[in-house]
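> Use the sequences and the hints to build the structure in full.
Under my numbering, the first residue of the sequence shown carries the number 1, and numbering increases by one thereafter.
Note that these hints are calculated values from the structure, not bench results.
Treat the hints loosely; a few may be bogus.
Okay, derived cross-link-like pairs now, DSS-like style, lysine-lysine, Cα gap no bigger than 30 Å in a straight line [stated by the list, open to error]: (1) Lys73 with Lys108; (2) Lys2 with Lys122; (3) Lys33 with Lys108; (4) Lys122 with Lys10.
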Amino acid sequence: MKVSDILRVKGNTLFTITPDDLLAEAAKTMAEKDIGSLVVMEHGDLVGMLTFREVIVAIVGNGGQVGTMQVRKVMDDAPVTCTLETDLDEIRRIMLERHARYMPVMDKRMLMGVISFYDVAKAVVDSQNFENKMLKAYIRDWPEEDESKAG
1 MKVSDILRVK GNTLFTITPD DLLAEAAKTM AEKDIGSLVV MEHGDLVGML TFREVIVAIV
61 GNGGQVGTMQ VRKVMDDAPV TCTLETDLDE IRRIMLERHA RYMPVMDKRM LMGVISFYDV
121 AKAVVDSQNF ENKMLKAYIR DWPEEDESKA G
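Listed below in structure tokens is the structure:
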């Protein structure tokens with residue numbers, strides 16, 4: 001299974017912000033849309049990721065206040081990315097190694113979507129459920145031995 005398979009099922013709704021947007025607006029968007037990350041774009045290029053992790057760290061570091069901080073100050077400016085062709089096992093390995101909960105999917109310089117750790121886990125479970133159903137159907141349809149021919 002590849003990243004393109006996950007995006008096909010998930011859909012391609014993307015939420016983006018700019019580095020100059022206020023952190024308060026970014027947090028409001030994340031809360032309203034019930035999403036854990038925003039892709040930070042500038043002049044059509046991916047320049048960072050903002051996740052709930054960065055938001056919480058910034059608020060705690062600022063005495064519990066969002067204030068007038070810009071996204072640029074708190075975003076991850078070197079997010080790990082993948083391509084549409086990246087294999088699911090590779091995605092799992094990268095996400096676990098880098099503690100990445102969200103990963104932008106790129107096709108050269110074009111943002112194609114974002115996959116989350118949840119999306120990856122769901123794809124694995126769905127794939128295993130499908131394989132289990134196929135195995136059960138195969139076993140159920142297995143021809144029984146004719147005992148009258150047994151030696």
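> Now, for every hint given, state plainly whether the structure supports it.
For each hint, the structure was consulted:
no.	hint	result
1	Lys73 with Lys108	holds (26 Å)
2	Lys2 with Lys122	holds (13 Å)
3	Lys33 with Lys108	holds (28 Å)
4	Lys122 with Lys10	holds (10 Å)
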